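*Asks:* Chain by chain, the residues:
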Amino acid sequence: MTLSMAPPATPVPGDPRDTADDRPPARRRRSRLGGSRWVAAAFAAPLLVYLAAFYAYPLFRSIDLSVHDYTVRAFVQGNAAFVGLKNYADVVSSPLFSQALLNTAVFVFASLVFQYVFGLALAVFFRNHFRLSGVLRALFLVPWLLPLIVSGSVWAWMLNSDNGIVNAFLQAVGIGQINWLTSPDTSMIAVIIANIWLGIPFNLVILYSGLQNISADVYEAASLDGAGAWRQFWSITFPLLRPVSAITLLLGLVYTLKVVDIIWIMTKGGPANSTTTLATWSYREAFGTGQPDLSPASAVGNILIIIALIFGFLYLRMQRRQENS
Amino acid sequence: MITRKFRAPVVIAVAALAVGALAGCSGSSTGSSTDAAGGTYTWWDPYPQHAEGSDWANRVQACGTDAGVTIQRTAYDTTSLTNQALLAAQEGTAPDVILLDNPAVSTLADTGMLTTTDELGLDTSGIDANLLAAGQIDGKNYGVPIGANTLALYYNADILSAAGVDPATITSWSSLTDALAKVTAAGHKGITFAGINTEEGSFQFLPWFWGSGADLTKLDSPQAVSALSLWTDWVTKGYAPQSVITNSQNTTWEEFITGDFAFGENGTWQVDNAAKQSFKTGIIEIPAVDSGVAPAPTGGEFITTPVQKDTARYETTKKIVDCMTTPDGFVKTADTFAYYIPPTSAGQEQLLTEHPDLKTWVSAVQSAKGRTSDNLGTNYPLISEQLWTAVQSALSGASSPQDALAAAQTAAASATDGK
Chain A
1 MTLSMAPPAT
11 PVPGDPRDTA
21 DDRPPARRRR
31 SRLGGSRWVA
41 AAFAAPLLVY
51 LAAFYAYPLF
61 RSIDLSVHDY
71 TVRAFVQGNA
81 AFVGLKNYAD
91 VVSSPLFSQA
101 LLNTAVFVFA
111 SLVFQYVFGL
121 ALAVFFRNHF
131 RLSGVLRALF
141 LVPWLLPLIV
151 SGSVWAWMLN
161 SDNGIVNAFL
171 QAVGIGQINW
181 LTSPDTSMIA
191 VIIANIWLGI
201 PFNLVILYSG
211 LQNISADVYE
221 AASLDGAGAW
231 RQFWSITFPL
241 LRPVSAITLL
251 LGLVYTLKVV
261 DIIWIMTKGG
271 PANSTTTLAT
281 WSYREAFGTG
291 QPDLSPASAV
301 GNILIIIALI
311 FGFLYLRMQR
321 RQENS
Chain B
1 MITRKFRAPV
11 VIAVAALAVG
21 ALAGCSGSST
31 GSSTDAAGGT
41 YTWWDPYPQH
51 AEGSDWANRV
61 QACGTDAGVT
71 IQRTAYDTTS
81 LTNQALLAAQ
91 EGTAPDVILL
101 DNPAVSTLAD
111 TGMLTTTDEL
121 GLDTSGIDAN
131 LLAAGQIDGK
141 NYGVPIGANT
151 LALYYNADIL
161 SAAGVDPATI
171 TSWSSLTDAL
181 AKVTAAGHKG
191 ITFAGINTEE
201 GSFQFLPWFW
211 GSGADLTKLD
221 SPQAVSALSL
231 WTDWVTKGYA
241 PQSVITNSQN
251 TTWEEFITGD
261 FAFGENGTWQ
271 VDNAAKQSFK
281 TGIIEIPAVD
291 SGVAPAPTGG
301 EFITTPVQKD
311 TARYETTKKI
321 VDCMTTPDGF
331 VKTADTFAYY
341 IPPTSAGQEQ
351 LLTEHPDLKT
361 WVSAVQSAKG
371 RTSDNLGTNY
381 PLISEQLWTA
391 VQSALSGASS
401 PQDALAAAQT
411 AAASATDGK
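The listed protein sequences correspond, in order, to chains A and B. All residue numbers for the first sequence refer to this note's numbering, where the first residue is 1 and numbers rise by one. All residue numbers for the second sequence refer to this note's numbering, where the first residue is 1 and numbers rise by one.
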């Protein structure tokens, strides 16, 4: 059916298989290829349409917003002035930018390190099957299943300065009250703790499945050679898990870069901007005040995308080098 | 090998997640469309808590029936209502009527999407000038308040009498601070308010800010610093809990009704709830710095009418608005919500004959002030953002009230520059 769709360039007399000329088979191959390309395109079309509508267009729109001056009035009337990179310049020169960038770096780095360490420790722990290990492992996924508004609010209550359970405990053991969410010195620690708790299941699941790919023979051989658990971990588990670790960390990085919800629920970026990251700043500009400021919000959002892409490409290069060596 | 298997998905995942991060910023969801046919008029309001079949929904529908049409009502929460309205205006699908939180009126009016009351032929002569002002830009009215609420100080009468404090003696900041000292000395908690970094934080701070004599066009005046120092001192001295820094007005209320607090700053909308508590409550108006009553900001919604392509619709829209804004209509609205004070003196008198206990609130509403008044209009949200940031900085100890407000003034000046 697909063959008939391609019109023959030159009339072919008789059966193409009979002819000594090498052109018809070549042409036939080409036309079959051309046809299969159409089929391929048809199969890919739904995906392409989906990508165009839900990824390419929003991305385009976001860039479009960021290079125009969309005041509320211009947004409605559709006559926003083109301002080039002015929004980016404003954002970068804002006194909030360096603080937000630093906060983002601290938030992402601390979250990733602890999520990974706890996730890996738990994955190794669950590698040895024991009674009820499946149930216990499932329980560790609970943070993942809870709606963020629930876990965020619960963390905020637990860390409440005056009535929170955490401070009640600290006071009982004589440490005294810590103003987790209301002091600019500790608020970042508070949101990071909550975010680590949220991210552990993700790390646990991926690293645990990575562990399944390491053959038990290797461990057996190692233990015959007299390697202890600690030695086995550093010489077998950790190196063989490296590719999976890299992916876990990269996905974790992108997830953590764009975290708005947990911070917004717990501190709204405060107090005094001490927990404002690039993502929450972008959200606040767009939706957090009485007057939507879409252009700077998009500029901040696009800067975030660029940061995520840079790390993505770094990762790909690292991978390629590893494969080549 | 794992590395190979994972490479392609990673490229897609990185791109997808990065773009996903943005979806929130481009905000291109669509509002519901307006159907002009069949005598159906569209109505948006910020009361999702009043579902279909509730007293409020029936009241809206009754106004439609009076005007001979069906009203299709959609409710959003306050913040998303503004965003939905802007999107609808951009798409040319704005509803016939929007009930809008008063500080948002000037923002929407500025886009040219709202009709003026003159264009629709609405009579606003009976409305209290201080309430109407929130919807006024350059002498034009862009809506009619359907009712007003404001802030006052609720007190726990049991705690005050036990500590020997007479609420009638609280007429200035110093007498209030003395009262706080007495109740905390007696082992109770002093006062709770909402200092959260959203509009609610500014809303709660404004009575103290204005009560000091400060002006929103100069955030770092000595008066403004004195107001912020008052709040900050309360927190440092332990008269107010640390949690005020993250408290929303709801959380503040939850704290007050634990029965531990002597005072709680809150709004008209808690009147019914206050009466239900196991302890005795009372209300005083928020005192100004030396004497008298501080102007509290007006809360409450305006009824606004977006511009329509089909101007023939205005005639019926006017009937619907009129139905909501007659003295009788105002009182009906007040009764439906139990927390709205009518914006006209006729309506207020009628309400007081039915509910004499609301006297303090009527008086508070009469001395209240619109946040977007003084022709601040669309500059108000920009100034307010800096104001609540300063409140946060000072309360959390990140900077002194003086430094916090100076920084706020610089930021507000640059944000409102040339607007």
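It should be emphasised that the hints constitute simulated quantities derived from the structure, not laboratory data. Quick caveat: nothing in here was measured; it's all calculated off a predicted structure. Treat the hints loosely; a few may be bogus.
Said to hold, decoys possible - Capping the alpha-carbon separation at 35 Å, the derived lysine-lysine pairs in DSBU-like fashion look like this:
{"#": "1", "chain 1": "B", "residue 1": "K276", "chain 2": "B", "residue 2": "K182"}
{"#": "2", "chain 1": "B", "residue 1": "K182", "chain 2": "B", "residue 2": "K309"}
{"#": "3", "chain 1": "B", "residue 1": "K218", "chain 2": "B", "residue 2": "K359"}
{"#": "4", "chain 1": "B", "residue 1": "K280", "chain 2": "B", "residue 2": "K359"}
{"#": "5", "chain 1": "A", "residue 1": "K86", "chain 2": "B", "residue 2": "K140"}
{"#": "6", "chain 1": "B", "residue 1": "K218", "chain 2": "A", "residue 2": "K86"}
Unchecked claim - Computed Cβ-Cβ distance ranges for the label pairs, DEER-style:
{"#": "7", "chain 1": "A", "residue 1": "W38", "chain 2": "B", "residue 2": "D77", "range": "48 to 54 Å"}
{"#": "8", "chain 1": "B", "residue 1": "T258", "chain 2": "A", "residue 2": "A172", "range": "43 to 49 Å"}
{"#": "9", "chain 1": "A", "residue 1": "D69", "chain 2": "B", "residue 2": "T316", "range": "36 to 42 Å"}
{"#": "10", "chain 1": "B", "residue 1": "D55", "chain 2": "A", "residue 2": "L309", "range": "52 to 58 Å"}
{"#": "11", "chain 1": "A", "residue 1": "W197", "chain 2": "B", "residue 2": "N250", "range": "41 to 47 Å"}
{"#": "12", "chain 1": "A", "residue 1": "A222", "chain 2": "B", "residue 2": "S248", "range": "39 to 45 Å"}
Even for Gly, the Cβ is constructed at its ideal location relative to N, Cα and C.
*Asks:* So, for every hint listed, does it hold in this structure?
*Replies:* Hint check:
1. The hinted pair formed by B:K276 and B:K182 meets the criterion: a straight-line CA distance of about 26 Å does not exceed 35 Å.
2. Distance check on the hinted pair: B:K182 and B:K309 sit about 63 Å apart at the alpha-carbon level, beyond 35 Å; violated.
3. With a C-alpha separation of about 33 Å, the suggested pair B:K218 and B:K359 falls inside the 35 Å cut-off, and the hint holds.
4. Simply put, B:K280 and B:K359 have alpha-carbon atoms about 18 Å apart, close enough for the 35 Å limit, and the pair holds.
5. Restraint check for A:K86 and B:K140: satisfied, since their Cα atoms lie roughly 34 Å apart, inside the 35 Å limit.
6. For the proposed pair B:K218 and A:K86, the alpha carbon gap of about 28 Å is at most 35 Å, so the pair holds.
7. Evaluation of the 48 to 54 Å hint for A:W38 and B:D77 yields a pass: the beta carbon distance comes to about 49 Å.
8. In this structure the supplied range 43 to 49 Å is violated for B:T258 paired with A:A172, their Cβ-Cβ distance being about 21 Å.
9. A hinted range of 36 to 42 Å holds for the C-beta pair A:D69 and B:T316, which are about 38 Å apart.
10. Between B:D55 and A:L309, the C-beta spacing of about 53 Å keeps the proposed range 52 to 58 Å intact.
11. Checking the proposed 41 to 47 Å range against A:W197 and B:N250 shows it is violated: the Cβ atoms sit about 25 Å from each other.
12. At about 57 Å, the beta-carbon gap between A:A222 and B:S248 misses the expected band of 39 to 45 Å.
Violated hints, listed in ascending order, are 2, 8, 11 and 12; each of the other numbered hints is respected by the structure.
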